[in-house]
Amino acid sequence: MPDTQVTNQIPNLISLMILLPIVGAIIVMCLPRPRDLAPGEATLSREDSAMSDDEIDYSRQLVNGVSLFFAGLTLLLALLLFGGFKGDFLQTDALTGGIGRGLARNMQFVEDYRWIAVGSNWVHYKVGVDGISLMLVLLTALLSTLSIVYATRTRVRLKEFMVFLLLLEAGLIGVFCSLDLVLFYVFFETVLIPMYFLIGVFGGPKRSPSALKFFIYTFAGSVFMLVSIVSVYQVSGSFDLLALTNHSTVAGATLMSAAPRALGLMFAGFALAFAIKTPIFPFHTWLPDSYSESPTAATVMLGGMMSKMGTYGLLRFCLPLFPQQARDAAPLFIVLAVVGIVYGSLVAIIQPDAKRLIAYSSIAHLGIVVLGIFSFTRIGMMGALVQNISHAVSTPMLFFLVGMLQDRRGSTLIGDYGGLKRVTPMLATMLLIATLASLAVPFFSGFVGEFTVLLGAWTSRTVSLVGGYWVTAFAASTMILSAVYMLWWYQRLMLGPITQEYNRSIPDLTRREWAVLLPLAGLVFWIGIGSAFWTQRMDTAVNAMLPAEGGNNELTTQLLEGGTAGAPDQPVGAMLTKLYRSQDGELSPRELHRRQPQIIVPIRPGGPVGGQPGAASGGPGPNASAPPDTGQLSTGAGKPPADQKPPVAGGPASKPMQQGAPIDKPTGSVQSNEQPNAIVDPGPPAVTPSAKSDAKPETKSDKVILDPTEPAPVDPANPGGATAPKQGKSPR
Amino acid sequence: MNNTDSLLAILPVLVVMATGMLVLVCDACIPAWRRARVLTGTLSLFGIGIAVVFSVIEINTYHPQTSAFNGAVAIDHFSQACNLILLTTATIAVLLALTYLESRKLNLGEYYALVLFSTGGAMLMAAAQDLIVLFIALEILSVALYVLSGFARTEAKSEEAALKYFLLGAFAAGFLLYGIALIYGGSGTETTGGTTNLLELAALLKSIGHPTVMLMTGVALLLVGLGFKAALVPFHMWTPDVYEGAPTSVTAYMAAAAKIGAFAALLRVFNALTPVADYWLIAIQILAVLTMFGGNILAVTQDNVKRMLAYSSIAHAGYLLVAVSAMTSAEAHDQAFGAAIFQLLAYTLMTMGAFAVLIWLSRGGKDYQTLDDLKGLIKRDPPAAYLMLIFMLSLGGMPPTMGFIGKWYLFNAAVAAHQTWLALALAGASIISIAYYLKIVWTMCFQEPDRRLVADRPSMPAGVIIALLITVSVTILCGVVPNLIHPLMEAAHTVLRP
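Same order as they appear, the protein sequences are chains A and B. Each number in the working numbering corresponds to the 1-based position in the first sequence with 4 added. Each number in the working numbering corresponds to the 1-based position in the second sequence with 5 added.
Okay, chain A solo, but in the shape it has when bound (with noise of 0.2 Å):
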């Protein structure tokens, strides 16, 4: 039994958690200014050292503690926020007194005042973390701390870094807690700000337009984002995240039943905020320069947590508020991201700069997250996660050593490098970590969630609808390139013959340097091999949006394929042997892929599905390419012609109960009915008898069958019955 209470927790956690930095940073504001350094002061070699009195600057000591005490504070509270979350939470349901729905299930901590009036209504500041936000935030902490440990020995301006540090640091914190549409984009654009300066005072040569560069393309997408969050208050009346995507709401079914066009056009103001800051493929431009100009400690915030703020939002905002519209724009996204993954792969391999080579590569990798996403299915979003925060540690570690490297050589070239395994064995040992994290190998944090992705990437039908299953294979091949890239850029940085006189005498890792790498390389370690530690406290979230936990109805009957719901229970190789099977079990695997996914209908042995009424349809459609309906087409399979049974008008806007009555009329099918909700459950794409079902709620979809008379829910701007399922062939 899940918990519904939540004891024990410290009163406006995350408000603390945000504040603290600012705090902080308005602190080290007002300390002396440290004095700057010259060039040659305070190497690497002498850090380790002791230093006489007179040799110490207490203003520099000062503004660096201060700085880490704020930092290592709010690491502190993340920790305890860690602590109390409870990852089978289920916040009850103010209005029903039932479990909550949407996106409110799993949401903890949450804080709720007034904050700005418009008309009637207000802007909340409203904020909460549930499992998918709990990592962000936790992870946003360390590597900020980590941060403010390794720029202890910024040469320059020191206190304008750290100010600018911490307040990055509550900007993000706040990003990823808000739960409020106009709060979320404060923090969205606000952590720009710092990061600009960060940029543009610290950075490289080409620092300025860098800086520029950056700002603009972010300011750009966001603004259009701020467009799409006003039209969502217009349509519904409300900003509260947790009441939008809560169909029981007012508001939440007001939005679900706006005009499509509308919701397509707020849709497209969030996505392209959001696929600009991830990035994904053509808006990827900014990254490369601005992960290459800035100085490494923001490298690591850019990489490691900037770029997650988009996925996150694709996955908090963009999925549950329009789950229409994120599906029909799947196959883009899907496409997108895979161009990404094969782009990103390929320009890395040829970046003579190392920083330029993990810019690239995180384009691959973020592109891994993106298909996650949108393949809709629960094993895919589960991997996306787990590669969400699998590149949060594995592209700040890279960073760091980098920035390591760079402090000892001043130089990102690799060529500038070669053979420093025998200079400095310490510092190449974790580089091969992190280097093996990043090209995901096993036991190694990126070999989870690019597996799992691929997996989903794999069972998911709107990514087969794409391109089949070569669209799987294309991605997959970021196993391969980035092996390629990564292993030749560990081999020219760290083995064969020392070629430059200097890098002989390079001193090796210094205390300051293990204490940044060695919590990195420990949680490499740990989402490598013990993943089920941070599943497990995403699972309810991601649950969140499945059917059949009672979850949210429509929302997630649109936004997950039913059919993979149960996939992570069952075993691999039963999800990958039924992907080949069919009734007639002649078909090649090309010809089922051309067909599919009618034909990956649920195999019963006696199944009532050959009696149904319509079930002789045409061959493949004429629309066989309308990518909104993939979603739908196990329920469409056996779907009757229009003119017997016409689907509900509205499709999406209508209430659960409208779409799941059909599903009660005698059809012989085994139906899960414990749960009211999991009635639209479209069902599991194919599901072999022998896959194994446990007591678990979500497996029970394996033994949903699908009710073939049930109207599928359909593209509201293809509301004709006749066009909107698929009418494909029918096996029997």
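Hints were generated in silico from the structure; no laboratory data involved. Every value quoted in this text rests on a predicted model; they were computed, and no experiment measured them. This list has only true hints and no planted wrong ones.
No farther apart than 20 Å at their CA atoms in a straight line, the calculated lysine to aspartate or glutamate pairs in the DMTMM-like style are these:
(1) K384/B x D40/A
(2) K384/B x D455/B
(3) K169/B x E144/B
(4) K110/B x E160/B
(5) K210/A x E453/B
(6) K380/B x E453/B
Mind docking chain B on chain A? Use the hints.
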């Protein structure tokens, strides 16, 4: 309301005007007193303070829709809200001038008197419910501004600005007056005379439903006249030259006061014309888009900060026109008025704050106004650079500042009025605007200081510091807690939709 009551009703305006006259007398009587500027300045601030008190009292005592002088002047909460914003503007203008004028050897008491006169004119303009009163108020505002912009008598640029402003302004006033005449003629019939009273005009238009051609021609000319005052593209040509030529404290005042007056009038006049919105709405919208994009695009290429801010103020006029356009929709009417008031206050504080930083930097009779002068400011004078940074980010609409909330309210109003395309245009224009605001930030923060300017450290005049404290604290505070000025926005709802 009899005449005495009517005079009482416009007491804030009268107080401001009377203070102006008193300042003139004081200045004439004690010319030799070396500290005269302090006397005239303090006297002005005192008068403004009394006017604020009266405004607040009137808000609390008068019915929200009071009219005075037989309906010629509206003493509603909207006009009182505009009064408060205008009095804030005047306060800052006086504070900025205290030491700046002395440093530029322009230490004359007339400055304060002229500021007060034009403030009184703008206050009357915001309250004008009759087109004749509107014209008189506009002239009071403008004539004082013509003189103010030529206040640096010894400088050719200032003289050029004044002449240019005067000639074009007189021309625009002609348009306005002719427009009023046509509206009067066009609203009459064979049996009844026409009207210039906005309430009567609104009632008339509502009953007949469609206007005469003469009336619409009059409205078009009226729009030209007011558009000139508000610096809408394509009536904006004077703005950059006048802003650049005028002494900086005058520029700061002019940028705010003229815009508040003009937009209060635009809102009130076009609110009365709402029944025939179909005929003029598209013109307003085209002007809005032209102004937003024109102002922002032209600003990008400027290397004089004052000119850049002039174009920025043109762009902000375009943003405010979005509120005028949104006002025509029944469901967005109140939101649009609230958004306009908020954005006017935000614009006033941001722009005056930015000019205040320039005044802080100016010394020895020399103005700091080119981008080169700002190079590496963060190293030479960190507080000034940080303040300028905040104002630039606020003008660009970045949270957590007032500029963001203002734009957000405008978005709300435009979308509520089903003019989402206008909101999108606003968004597009904001993106362009960020480029030049960041150019200033970039020059200040990322460029190395010019060597000859390194040692130059300005004095810290108290008046400027107080003005900066007011502007920056409100800009940030109302960006974080916008509800603080929610009463002001609600006051704007008292202008009823006809």
